[in-house]
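**Q** These are the residues of each chain, in order.
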Amino acid sequence: MTAASAATGSDHPELVLTDITAGYFANDIVLDEVSVRVAPGKVTVVLGPNGSGKSTLLRVMSGFVMPRSGAVQLAGEDITRRGPAERLALGISVLPQGRSVFPELSVEENLRLGAWQVRRDRERFGNAVDAMFERYPTLKPLRHKAAGSLSGGQARMVEFARTLILEPRVLLIDEPSVGLAPVLVDGVYDELDRLKEEGRTILLVDQNVQAAVAMADYVYTLAYGRNHLDGARDGFEGQLDDLIKQWLNL
Amino acid sequence: MNIDTIVQAFANGLLLGGVYGGLAIGLSLILGVLRIVNIAHSVIIIFAGLLYWQLVTGFGLDPLAMILPVVALAYLFGLVVHRGMAQQLAREDNSTVMLAFFGLLVVLESIAVMIWTTDTRTVALGYLANVIELGPISVPLTRVVAALITVGVLVGLHFFLTRTLTGSAIRGLSQNPDVASMVGIDVTRLSRRVFAAGIAFAAFGGVVLAMTQSFNPQEHYRWLAWAFLVVILGGLGSALRTLIAGLIVGVIETMVGIFIPFQYTYLVLYGILAVALLVRSEGLSGAKQRII
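Protein chains in written order, with our numbering: chain A, 3 to 252; chain B, 1036 to 1327.
By construction, these hints were calculated from the structure, which means they are not laboratory data.
Label pairs and their in silico Cβ distance ranges:
no. : chain 1 : residue 1 : chain 2 : residue 2 : range
1   : B       : 1296      : A       : 143       : 56 to 62 Å
2   : B       : 1298      : A       : 153       : 51 to 57 Å
3   : B       : 1201      : A       : 91        : 14 to 20 Å
4   : B       : 1191      : A       : 92        : 33 to 39 Å
5   : A       : 143       : B       : 1191      : 29 to 35 Å
6   : B       : 1115      : A       : 43        : 48 to 54 Å
7   : A       : 73        : B       : 1130      : 39 to 45 Å
8   : B       : 1201      : A       : 27        : 31 to 37 Å
9   : B       : 1195      : A       : 80        : 36 to 42 Å
10  : B       : 1152      : A       : 121       : 46 to 52 Å
We put the CB at the ideal spot given by N, CA and C, even for glycine.
Produce the complete structure using the sequences and hints provided.
**A** As structure tokens, this is what we get:
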């Protein structure tokens, strides 16, 4: 299997990266001609050892890193040169790695800032915030508490809510369980399962290989900033052990 | 010493403290939200004071009507300084940024001296130059007006920062600029506006200072020290705490003056500053807050 032949089962992939080369410094290449397709309504997982370029790939998708070459398309439209705010407006939302609440703002203020882009549309703005309190009823009684005073699990739910508040077309999720107490990790994957059942389009970058593959529809692996393997989940599960061993030897 | 003296000193202290709050808020805003140590803060104060003197005493314009034009001009100047300087230095060391702002200080101070010389100036405030008698105490009307305007502005700023979405965005920007840009806030544009607002507030402090005190273009370092004292005492927590810290410094200054010789006033205030820095690197209020 090669990246170029990556067929996801859909003729109209939502988000497509083609031959992306990117890096942070002049003579440093983090991604070398990487191609990824994110199919609508599916969970696409990107795996790889540390330093393989997973997070950079996500930053290229969200517009925080401009690729040196290659193209980014959303539903057939070229968005390679669009910045992060524009991509958010087009429906690409990011749930970043680690703690990302505004710690000294209340839960409600955190959610309201999540809806910053629609602030001029009063009705949509208000409905969006209310909808998130409906979706995460446990946050309702906490709405006036500082987000920094929440438990790790509660803060993660605020982050999910803030990411979903604009009803994005594509959700980019970076290492959702990193830094959480093991007891909370299940809660995060339960939430991811709910998002999958709702038929959302998700790109998940994860080091928690077993959990990620369990919910994946399609899997890519990166190594040294290049496409390594890709395929539907069923074909992947058998290879997982070998793959992990291989990474540990890298 | 009788009770009237103490009441009078307390009233003077509150009025002086209002001015100090006005002197400090611009510094607090830029430091709290953008992490920029604006060494040029006090020269903006003096420049605005001189400009205000020029308009009111020089051209004979209305003292209350001239506040807004000076502040608005400073806002525009702040936009230019952010675009031309602060923004370019965003990724540099703090010391580099400080040095650049020191350069700005030298340039602006030189321009001020070229235009207005080093003479000490006093703004003649016309109809505001009355004294109000309140029972045993008497207070100059200018100080009352200056203190009331400052309290109004700082309380207004407090509500803006805590009750509006833009206020949340500014506080969010100070806490986590990366996530602010992830939710679609134009961080550069918002930073520029906050910076310009900080410069405008510094100019506002200069106007308030000019309304209440004589000043000259080269003694502004003293006001820089005073502004830092208020910011450190209040912490970078909120506009309200900056106001309260200003009032505390004002009251201490005048109260100390009636109990011990005048020349020890600074010693006491800097002693308090030292204690504040020792007890809490983030200010006396105790809260480990960094937001404005």
